[in-house]
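J.: The residues making up each chain are set out below.
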Amino acid sequence: MIQHPGILALLLASALVGLLLAGAAALGLRILQGWDLRSGSEKQLALERRTYLVSSLVATALGVQMLSLFLFIFTADDLQGQFVGAMCAAGSLAVHAFGYPTLLLKLATSLLAGLWLVLHRTDLQGYDYPLIRAKYGLLLLLAPLALVEAWLQFRYFSGLKADVMTSCCGALFGQGRQGIAAGLAGLPPRVAQPLFWSLLGALTLMGCAWLRWRRGAWLFSLLSLGYFIAALVSLVSFFGLYIYALPTHHCPFCLLHREHGFVGYVLYGALLGGVVAGMGVGAVAPFQNRASLNQALPRMQARWVIASLGLAWLFALIVGLWAWLSPLKL
Amino acid sequence: MRPPLQRLRNILDFALASLSRRKGRNLSLLGVYTLVVFILASLIFFVQALKGEARALLAQAPDMVVQRMVAGRHDPIDLGRAQAIEEMRGVSGVRPRLWGYYYDPIYGGNLTVMAVEDAELPNDALWVGQGVARNLRVKQGDMITLRAYDGLPMLFTVQKVLSDASELISADLVLMSQSNVRALFAMREGTATDLAVDVGNARELPTIAAKIVERFPDARPILKSEILRTYEAVFDWRGGLMVVVLASAILSFVIFAWDKATGLSAEERREIGILKSIGWESGDILLLKTWEGAVVSLTAFLAGTLLAYVHVFFFSASLFDHALRGWSILFPRYRLAPSVDAYQLVILFVLTVLPYTVATLVPSWRAAMVDPDTAMRS
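So the sequences go chain by chain: F and E.
The numbers in my numbering rise by one with no breaks, and the one at position 97 of the first sequence is 97.
The numbers in my numbering rise by one with no breaks, and the one at position 205 of the second sequence is 1205.
Bear in mind the hints are in silico, worked out from the structure with no lab data behind them.
Idealized CB from N, CA, C, for every residue including glycine.
Treat the hints with care, since some could be wrong.
Below, in silico cross-link-like pairs of lysine-lysine (PhoX-like), each with a Cα-Cα straight-line distance of 25 Å or less [claimed, not checked]:
hint : chain 1 : residue 1 : chain 2 : residue 2
1    : E       : Lys1224   : F       : Lys161
2    : E       : Lys1023   : F       : Lys161
3    : E       : Lys1260   : E       : Lys1023
4    : E       : Lys1211   : E       : Lys1224
5    : E       : Lys1051   : E       : Lys1224
6    : E       : Lys1051   : E       : Lys1023
Derived coverage of chain F by chain E (criterion: at least 3 residues anywhere in the stretch with Cβ under 8 Å from a Cβ of chain E; other residues may be distant) [stated by the list, open to error]:
hint : stretch
7    : 7-20
8    : 62-74
9    : 198-212
The shape of chain F in the complex, shown without the other chains (with noise of 0.2 Å):
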């Protein structure tokens, strides 16, 4: 392993995060089976008291996942430098079989986080705790993901050797591993344009009909989650290319560099926060009917809606204008 002050960081934050989680949802797990809110025993109030805990031992593991999903990202891109062929972060994620389900598990439990703060501002609407099942089976789900990425994580930083200066021969051990980024291109840009700009298109459609209708929350959850996916694809495809200015520049990474201006950070931020308000609609979709919350709710879902259509916008202007103006036509 590798010995490196970012690694060191992101273990310690997989394994608190996974620590805060796997205690959250054990008290979780004891309210949903002792829970009882027409009960006034003491069982229930101590139970009560537990949810609050809950929610701040969830919030901070949640804030950290985040920070972490781009922290381990910086770290890979740092660590380039030490594997031969390696020119950013997707090389080194390449280096190793863990490196990607890494990234991709920290991506899904980042989203899933998301949602459940979207659950819980929720359930904190009402006052009867209207979504506390939901919000804590949710909980049962997470804590397992993240104890799974802490693992793979450190199975991948495990596995990471450096590729240095032996005293026998130099030069030649980078030989059989040429072009490690190669397999990165993704689909062909005369299929992922289409659907990507078609599926803004009908996500816009559908946010105008549920603003006027107030119908269809579950599609539109499932279209804002179909973008999100094919936004991420095209951006590998062919948004990317126009960024950098380069035909054969598939990298999902290099976005986050300085010589970008940072876009990625708009661009990635745009994209997550799109997706945890858009699937937000359709989490909480079945409880509008609650007594406590049919007069909060459907004004809450409206604001998710617009905030999602909102930054899948900002996302699709920043990467067409970008792709317009592009001195690189495709």
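We have chain F already, so just place chain E on it with the hints.
T.: The following block gives chain E in isolation, referenced to the frame of chain F:
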């Protein structure tokens, strides 16, 4: 101002007031916290700055150096090979280099002696780096004696002391004419220590290196990128090792913070009890505790980072320098170029603020759940 924001601000105000009411306790916590951040930040900044220096230094180095290895031992390389390598496709130039390490018994350190072809350097003179001049206590015009391989002394005049702009590379450097280097190290005519190879297209380097090894099985090509990679790995490893060593310090700090957060004084309990009885909710108390923690963390983080910045970039990290830089006797004197980016700050944040936050979560919750009735009666 919007009401939710106003509420946050009021609670923050209250948190600041409540921190200043318990000055002694909070200042001791802040002191220890700042110290932990300071040590870790100095370390991370220093390692990063050293990596930057190594990168800047090696920017001037040749793309590839070819040495001759005789069964694992370095041996002078035949100049005839320079010709053969130069004729390979893609090679734009080959320069034989003549140099060696000279151990100086007087002050017990190694000098790097190198040959230069310069019309201004006469045969009985040499140029020395600042570090050499400092350690041997010589200046321009002084005489130096070096013992050749056969024990006979060779006398030189110091013609020039190299400028301190190049000190990181030239601290231990002694430059003299080719014939003197050969006489000092007993090197035969027609050989060189190694060959510096320049290549037109950097992407051809591995192929050319492979060709050289195929043609001369005893050759050892070393690429600039490999040296750079090795330096990065070494510095990262040293930094990481220090972080592991410091883990015990972080752990004891966490225990200290936990202890401070758990031990609610009777006065504090009463305060929380009164707040709750006048209408504060448990969530508000939790927010109050969060604000208190955030204020302490941010203050300590900022103060520790600033102190570390001054320590590393103004005082060249005088506290750790020997542990991290290397084990040479002849240290260059230098000021590191300030380079701090968001990445290092995030690492630092995760390593210090995160453990503190996690350690205070449960105690804060306990405090917020205090029963107003029992708290005021106790």
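J.: Hints first: check each against the structure and report whether it holds.
T.: Against the structure, the hints:
no., hint, verdict
1, Lys1224(E) / Lys161(F), "19 Å, holds"
2, Lys1023(E) / Lys161(F), "49 Å, violated"
3, Lys1260(E) / Lys1023(E), "13 Å, holds"
4, Lys1211(E) / Lys1224(E), "17 Å, holds"
5, Lys1051(E) / Lys1224(E), "15 Å, holds"
6, Lys1051(E) / Lys1023(E), "41 Å, violated"
7, 7-20, "holds (count 9)"
8, 62-74, "holds (count 6)"
9, 198-212, "violated (count 0)"
In summary, the numbered hints that this structure violates are 2, 6, 9.
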